[in-house]
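K.L.:
Chain by chain, the residues run as shown.
Number of protein chains: 2
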Amino acid sequence: MNPLSSPLLTDHYQLMMLESYLEQDMQETAVFELFVRKLPPGRNFMIAAGLEQTLDFLENLKFSPEELTWLAPHFGDSLIAYLEQFRFTGDVHAMPEGTLFFPDEPVLRVTAPLPQAQLVESRIMNLMHFETLIASKAARCVLVAPDKLLVDFGVRRAHGAEAGLLAARASYLAGFSGTATVLAGAMYQIPLFGTVAHSYIQVHEDETTAFEHFARSHPDNVILLIDTYDTEAGAAKVVVLARKLSQDGISVKGVRLDSGDLGMHARCVRQILDEGGLEKATIFASGNLDEYRLHKLLSSGAPVDGFGIGTALDVSSDAPSLDCAYKLQEYAGKPRRKRSEGKATWPGRKQVYRKYASADGCMAGDVVALAEDDFHEGEPLIVPVMEAGRRIGENIPLDEMRRRTLASYARLPMPLATLEAAPAYPVEISTSLRTLAKQLDEGSGASGRQT
Amino acid sequence: MNPLSSPLLTDHYQLMMLESYLEQDMQETAVFELFVRKLPPGRNFMIAAGLEQTLDFLENLKFSPEELTWLAPHFGDSLIAYLEQFRFTGDVHAMPEGTLFFPDEPVLRVTAPLPQAQLVESRIMNLMHFETLIASKAARCVLVAPDKLLVDFGVRRAHGAEAGLLAARASYLAGFSGTATVLAGAMYQIPLFGTVAHSYIQVHEDETTAFEHFARSHPDNVILLIDTYDTEAGAAKVVVLARKLSQDGISVKGVRLDSGDLGMHARCVRQILDEGGLEKATIFASGNLDEYRLHKLLSSGAPVDGFGIGTALDVSSDAPSLDCAYKLQEYAGKPRRKRSEGKATWPGRKQVYRKYASADGCMAGDVVALAEDDFHEGEPLIVPVMEAGRRIGENIPLDEMRRRTLASYARLPMPLATLEAAPAYPVEISTSLRTLAKQLDEGSGASGRQT
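Protein sequences, first through last, are from chains A and B.
My numbering puts the first residue of the first sequence at 1, with every later residue one more than the last.
My numbering puts the first residue of the second sequence at 1, with every later residue one more than the last.
Think of the hints as simulated: they come from the structure by calculation, not from any bench.
Careful, some of the hints might be misleading.
Listed next, the stretches of chain B that the computed footprint assigns to chain A, with coverage defined by at least 3 CB atoms under 8 Å from CB atoms of chain A [to be verified]:
| id | region |
| --- | --- |
| 1 | 10-20 |
| 2 | 370-378 |
Derived DSS-like pairs (lysine-lysine); straight-line CA-CA distance at most 27 Å [unchecked claim]:
| id | chain 1 | residue 1 | chain 2 | residue 2 |
| --- | --- | --- | --- | --- |
| 3 | A | Lys296 | B | Lys38 |
| 4 | B | Lys280 | B | Lys148 |
| 5 | B | Lys438 | B | Lys38 |
| 6 | A | Lys38 | B | Lys296 |
| 7 | B | Lys334 | B | Lys438 |
| 8 | A | Lys148 | A | Lys253 |
| 9 | B | Lys343 | A | Lys296 |
| 10 | B | Lys343 | A | Lys253 |
| 11 | B | Lys280 | B | Lys296 |
| 12 | A | Lys343 | B | Lys253 |
| 13 | A | Lys280 | A | Lys253 |
| 14 | B | Lys148 | B | Lys253 |
| 15 | B | Lys296 | A | Lys343 |
| 16 | A | Lys334 | A | Lys253 |
| 17 | A | Lys253 | A | Lys296 |
From the structure, some residues in chain B lie toward chain A, with a derived Cβ separation under 7 Å [unchecked claim]:
| id | residue |
| --- | --- |
| 18 | Arg157 |
| 19 | Ala197 |
| 20 | Leu241 |
Glycine included, each C-beta is placed from N, C-alpha and C at the ideal position.
Take the sequences, apply the hints, and build the full model.
P.N.:
Dropping the structure here:
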C-alpha cells in the first residue's frame with residue numbers, strides 16, 4: 001500500500017456510507033465544493049494550492065489487490081466488488097493554483113456519482129488544505145520581503161515527508177526562491193539552496209580550517225556559517241581567509257547567521273565584510289524566522305540579502321490549520337444545504353466573479369453566484385480542470401504558476417498586502433444564491449424536508 | 001523515488017557537507033543526539049515517539065539508480081560513487097517509544113561514521129519531531145478524559161498523508177482508542193471508528209429515512225449523526241425509529257453531535273434518549289475539540305461517552321512544532337559543544353536516569369549524565385536499539401507500547417498531569433557533565449579551539 005496514493009487514506013465513515021449508498025442504489029450525481037469558512041486571525045487572503053496533487057490522486061485512484069484483501073473481512077461482498085472496479089469518473093472545476101481567494105468562495109468543485117464524490121473527500125481535503133495553508137503563509141513572507149532570496153528550510157520540522165515536500169512546492173508557488181529539500185528539487189524542479197550546518201564547523205579543529213575546507217570543496221558556492229562560536233570573530237576570519245582564497249581564484253559569495261540578534265549581527269558583519277573588501281559578499285539569515293521577524297528586520301534596515309525560513313513556514317505556526325470544508329451542494333439535481341449551527345453552507349454549484357478597479361487594476365470585489373444561471377461582471381475564477389476522470393486544459397508548469405502568483409500580488413488592494421488584519425475584502429453573495437438558500441431553509445427544497 | 005523512504009528527503013547542505021567530508025577523508029565516528037530545548041507554553045512533559053519509523057528508515061536506507069542519476073549533474077563523481085554504496089552501518093540508542101521526557105534529555109543517539117550520521121539528520125528529525133509532537137498532545141487528551149472513547153478524526157486537516165497516518169499511530173501510542181483513518185488501521189492495526197457524514201443525511205429526502213437506511217446497512221454499528229438540522233429533533237426521531245428497529249432485532253448503539261454547544265446538547269439529548277428507553281445508547285461528540293474543551297465539557301458534567309478529536313490533535317494546534325535539535329556531541333573520540341547564542345548544547349554521549357518516590361512510585365527527578373563513566377541511581381532510560389545498522393532487542397507491538405504508556409501516566413507527579421503549566425519537573429545535569437562543558441568552553445576541549 002502506497003500511503004501517498006492509497007484510496008485507504010480516507011475516513012472509515014466514507015466506506016460505511018458507500019456500503020449504504022450501494023445497498024440503496026444511491027449513485028446519482030452529487031456535487032461537493034471545497035471552501036474555507038473563515039480566515040485565520042490576522043490574515044487577509046488565502047492562496048489556492050494543491051490542485052495538481054489532487055488531480056493526480058483522482059486520475060490514478062484504484063484499489064490494489066492487497067488493499068481489497070485487507071478490506072474484505074471488514075465490509076460486505078458487494079462493497080468489495082464495487083471497489084474492485086472503482087475509478088474516479090467525475091468532473092472537477094477549480095480555481096487555478098496560485099489564485100488569491102477569500103472565505104465562502106469555493107476553490108474546487110467535484111461532480112461525480114455520489115459514492116465516488118464521497119470517498120475522495122478525505123484525501124482531497126488533506127492535500128488542498130495543506131498546500132493552501134502553506135502557500136498562504138509563504139505569500140506573507142514574499143509580500144514583506146519581495147526583493148530578497150527566500151528559501152524554505154523547514155523539512156526537519158514539517159509534519160512528515162509529504163508535508164516537507166508539499167511545503168517546498170507550495171512556498172515556491174507563492175513566490176519563494178527555492179528550498180533546501182533535495183527531494184523537492186528532484187520531484188518538482190524547485191531550485192535548491194544550502195550551505196553547511198554547525199556540526200560541520202564543530203568537527204573541524206578550528207573554524208578557519210572548516211571555512212577553508214568548505215570553500216575549496218565548493219568553490220562556486222562559498223557561503224560560510226559564521227555563528228558557531230562568535231559571529232563577528234567569524235566574519236573577521238572570513239575576511240582573512242578571503243584574501244588567501246582569492247589567490248586561487250575562489251571568491252566568498254556570502255555568510256550565514258543563524259542565532260542571536262540577527263539585525264545587530266547583520267550590521268556588524270556587513271561593516272566587517274565591507275571594510276575587508278568583501279562588499280559583494282551577501283548576508284543570509286536563518287533561525288526562528290517568520291513573516292513578522294522578516295518585516296521587523298527589514299524595516300529596521302538590517303542589511304540582510306536572504307532568509308531561510310523553516311519551522312514557521314512548514315507548520316504555518318500562527319495558523320497551523322484552516323477552517324476548510326468539502327460540502328454537499330447538490331444531489332440528483334436538487335441543491336442541498338447543511339444547516340448545523342455555525343456551519344451552514346451556501347447551496348448549489350457556484351462560480352466566483354472577480355472585478356478589478358479600472359484606475360489601478362486592483363481587485364475590487366468578488367461575487368459568489370450560481371454557476372449556471374447567474375452571470376455577473378468580472379473574471380470567472382473557476383474553470384473546468386477534469387472531465388470524466390481525465391485532466392483537461394493546458395498543463396501549467398510550476399514556474400509559470402509561480403510567475404502568475406507573483407504578478408497577482410500587484411493587484412491585491414494595499415491594506416490586504418500587509419501583515420495587519422485589514423477590513424475584509426468585499427465578497428458578495430448573489431441575490432439568486434441567497435434566494436435559493438432561503439427557499440431551502442423554508443422547506444421548499446429537497447434537503448429542507450424533515451419528518 | 002518513494003518520498004517516504006528516499007534518502008533525498010534531506011537538506012541540500014547535508015550533501016554539500018558529505019562531499020567535503022569525503023574530500024578531507026573525515027569519516028571517523030560521530031555522535032549526534034536528538035533532544036528538545038524547551039517545552040511549548042503550558043506543557044509539562046513530552047512523550048517520545050517515532051522510533052520505529054526512524055529505525056525502518058535507517059535499516060532500509062539506500063540510493064536508487066534513479067536518485068543517483070538525478071544527483072549526478074549536481075555533485076562530483078566521488079560523492080556519487082560513495083552514495084552508490086551507501087548503507088547506514090551505525091548504532092542507535094534511544095528512549096523506548098511512549099517514554100515521558102523533558103527538555104535537555106536526549107531521546108535518541110546516533111553513533112556512526114560522520115557522513116552517515118550527518119546525512120540522516122533531516123529525516124530522523126522529521127519523523128521523531130512529528131510523532132513526539134502528536135503523542136505529547138494526545139497524552140493531554142487522555143489525561144483529562146481517561147475513561148472516555150477517544151478517536152483521532154484528523155486526517156483531512158493533517159499536513160499531508162504521512163502526517164495523517166503517523167498522527168493516528170502516535171495518538172494511539174499515547175492512549176487514544178483508535179482512529180478514523182482506514183490506512184492507519186491497515187498499516188498499524190489500530191482500531192477503526194466511523195459513522196456517517198452530514199452529506200449522508202442530506203442526500204436522503206428526510207432525516208429519519210437516512211437514519212433507518214444507515215441502521216439497516218450497519219445493524220451492528222448504529223451510531224446516528226443527529227445535528228444536521230436540529231439536534232434535539234434528531235434525538236426524538238432516533239427514539240421513534242429505535243422502537244421500529246428493535247422489532248427487527250437492531251438496537252441503536254449511540255448518537256453523534258458535531259456542532260453547537262456540545263455540553264448543552266448532550267444534556268438535552270441524554271434526557272430525550274433516557275426518556276425514550278435508550279439509556280444504553282451512548283453520546284459521541286466531535287467538532288473543534290481539543291484537550292481544553294474536553295476538560296471543560298467533562299468537568300461541567302456533560303454526559304458525553306466519547307470524543308472525536310481532529311484538527312487540534314493532528315496539527316497540535318496550540319504548539320504545532322517542538323524546539324527540537326539533532327546535535328553533534330562527539331567526533332573522533334572528542335566531545336563537542338555548540339555555543340551559538342541561546343543554542344548551547346551539553347557535550348558528550350549522555351544517559352538519563354529516572355528516580356521514583358518510594359512512597360507512591362511517582363517520578364521524582366531525572367539526572368542527565370555522561371553515558372559511560374558517570375553512573376547514577378535510578379532507571380537508565382536510554383537503551384541500545386540498533387547495532388551496526390540492524391535492529392536489536394525485542395520488537396514491541398504497538399498495543400504493548402500503548403499499555404506501557406498508559407501505565408506510565410500513573411507515575412506522573414500530579415501537577416504535571418494537568419492542563420496548567422506546573423513547576424518544571426526536576427532534571428539535573430550531572431557534575432561531570434557540567435565540568436566537561438566548562439572544560440570545552442575554556443578551550444581545553446577540541447571544539448573550543450579557535451584561531
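K.L.:
Flag every earlier hint the structure violates by its number, smallest first.
P.N.:
2, 16 and 20
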